[in-house]
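Whole structure, please, built from the sequences with the hints as guidance.
Chains as they are written, first to last, in the working numbering: chain F, 139 to 456; chain L, 367 to 559.
Note that these hints are calculated values from the structure, not bench results. One thing to keep in mind: the hints can contain errors.
Only some residues are given here: those of chain F computed to face chain L with a beta carbon under 7 Å [unchecked claim]: (1) Leu149; (2) Thr165; (3) Arg175; (4) Ala448.
A virtual CB, placed ideally from N, CA and C, is assigned to each residue, including glycine.
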Amino acid sequence: MNDAILEAAALWHQGQARDDMDWGGFTAWLEADPRHREAYDDIALLDERVDNARGAILASLPANDGEASDDHFEARFPARRPYLAWGGIAAALLVAVTAGSWWASGPSLPATTSYAAAAGQTRTVAVADGATATLAGGSRLDVAKGAALTLAGSAYFDVRHDPARPLTVTVSGFEVRDVGTRFDINSDGKTIRVAVAEGKVSVAASGGAVPTEVTAGHAVVGDVARGTVTLVTAAPASVGAWRSGRFIYDQVPLSLVAADIARYTGHRVTVAEGVAQRRFSGVLAPGDRDSMVASVRQLAGVSVRREGDAVLLGGTGG
Amino acid sequence: MLKLVEKARIGHGADPFRELLISTSPSGLTQLFGELRGELLRFLAARTGDRVEAEDLVQELWLRVSTAEPGPIGNGRAYLYRIAQNLVLDRVRERRRRERRDGEWADTQTIKVAGEAADARPSAADVIIEREEGAALAAAIAALPEGAGRAFRLHKLEGLPHAEVAAQLGISRSGVEKHIAVAMTHLRRALKD
Chain F
139 MNDAILEAAA LWHQGQARDD MDWGGFTAWL EADPRHREAY DDIALLDERV
189 DNARGAILAS LPANDGEASD DHFEARFPAR RPYLAWGGIA AALLVAVTAG
239 SWWASGPSLP ATTSYAAAAG QTRTVAVADG ATATLAGGSR LDVAKGAALT
289 LAGSAYFDVR HDPARPLTVT VSGFEVRDVG TRFDINSDGK TIRVAVAEGK
339 VSVAASGGAV PTEVTAGHAV VGDVARGTVT LVTAAPASVG AWRSGRFIYD
389 QVPLSLVAAD IARYTGHRVT VAEGVAQRRF SGVLAPGDRD SMVASVRQLA
439 GVSVRREGDA VLLGGTGG
Chain L
367 MLKLVEKARI GHGADPFREL LISTSPSGLT QLFGELRGEL LRFLAARTGD
417 RVEAEDLVQE LWLRVSTAEP GPIGNGRAYL YRIAQNLVLD RVRERRRRER
467 RDGEWADTQT IKVAGEAADA RPSAADVIIE REEGAALAAA IAALPEGAGR
517 AFRLHKLEGL PHAEVAAQLG ISRSGVEKHI AVAMTHLRRA LKD
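Here is the structure:
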């Protein structure tokens with residue numbers, strides 16, 4: 139197998155994250171030579187192997203456990219923590235974030251640090267050692283000293299497994315507790331939804347309610363006023379898909395879809411009481427409010443009406 | 367409905383099956399499946415190199431689609447292709463595992479006798495294997511060419527989407543894809559058994 143074929147296979151593999159992937163072209167490439175298929179199998183399995191070993195790879199990277207004694211290895215990763223060692227976004231964010239002093243109690247630390255993402259933009263912050271949060275546009279995350287996180291809006295969390303240091307996020311009165319997983323939280327203040335792509339989290343309404351465990355491929359929808367939760371399925375691929383600019387919904391309450399559009403575009407979108415809890419499944423292309431709302435109307439079959447500076451979904455007579 | 371699908375499978379490729387597709391579920395996805403069945407079959411045949419297996423996979427894909435929660439899905443074409451890809455990969459993975467097991471059969475026979483102590487703590491063994499796997503991959507990743515390595519780590523290990531990696535590195539999105547493809551090629555070479 140020559141490198142050119144492997145590289146072409148890997149390129150096709152990467153391209154599949156795109157909405158405009160050329161599936162016909164991929165088919166033709168596979169048909170052109172049986173070696174292409176083999177190369178593609180190799181690449182896809184390798185990709186999966188890296189995904190499966192991600193935690194172990196990250197654990198192997200810091201040179202602090204006496205195992206990584208390879209000189210070459212240490213030279214390239216001199217820092218103890220991979221997130222510190224690797225440049226790019228991690229390093230840039232760590233400047234602003236108190237990840238290193240997470241458990242410290244320095245008097246100079248502010249009690250709470252707030253992070254906000256502007257409409258139409260996402261922002262990734264390191265919220266604890268080995269944990270990152272990607273904020274959806276128009277969302278805010280307060281990080282208090284002592285690992286308490288409070289979210290308003292929508293964010294995707296990626297937490298490395300560490301049972302000794304669970305991460306707790308408070309959102310609209312619900313507590314989401316996690317020990318190592320990837321999950322997505324969305325709230326419009328009335329309804330919350332926590333979807334899990336990998337691992338497990340527990341979600342509890344405030345006031346000592348019995349927590350509900352949510353495993354990968356599932357989500358809970360919580361009613362903020364009543365403090366109740368409903369467990370539903372959620373395609374793992376749909377969880378946090380908005381980070382790559384695609385809004386993929388799998389049985390998401392319409393009110394949260396509207397909240398996403400409002401936060402993303404920076405313009406108000408409201409939902410009539412009668413359809414707020416209706417489940418929506420579909421993919422929305424990012425765009426301006428009118429185009430996104432038009433897609434929802436088409437996919438969900440709800441009416442759309444202007445009300446002042448807001449757009450109302452599902453109102454009567456629309 | 368399952369019964370109907372079975373029946374359709376017997377006479378597969380025939381038009382009645384196509385009608386069945388559209389009539390059994392009102393959702394747009396099954397309708398789309400009906401429209402794309404031909405190209406999906408061609409894709410699966412190219413992907414597996416086996417026309418019969420491709421037919422089988424198309425049926426499996428149909429089952430997935432028809433039993434999915436009803437509801438509209440935008441960009442259904444990409445969605446169907448991705449499910450098809452996953453179905454193929456499941457089979458490839460299973461096939462390779464089987465081949466490996468068969469190949470290792472002779473070796474495992476000799477170890478079996480002394481296997482008791484190791485069997486008593488399978489989780490400890492798993493932990494070691496996992497750690498070794500992580501170390502092997504980490505070493506190979508550390509040896510990647512600089513640009514490819516950076517893009518690969520940001521995307522695969524830190525979980526940033528392509529667009530964010532592109533913004534980080536100040537290159538285009540296709541540049542990121544190219545870097546990662548180069549990285550994967552290097553890793554494949556380095557990790558080849």
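To see whether the hints hold, each was checked on the structure:
no., hint, verdict
1, Leu149, "4 Å, holds"
2, Thr165, "5 Å, holds"
3, Arg175, "5 Å, holds"
4, Ala448, "24 Å, violated"
Of the hints listed earlier, the one the structure fails to meet is number 4.
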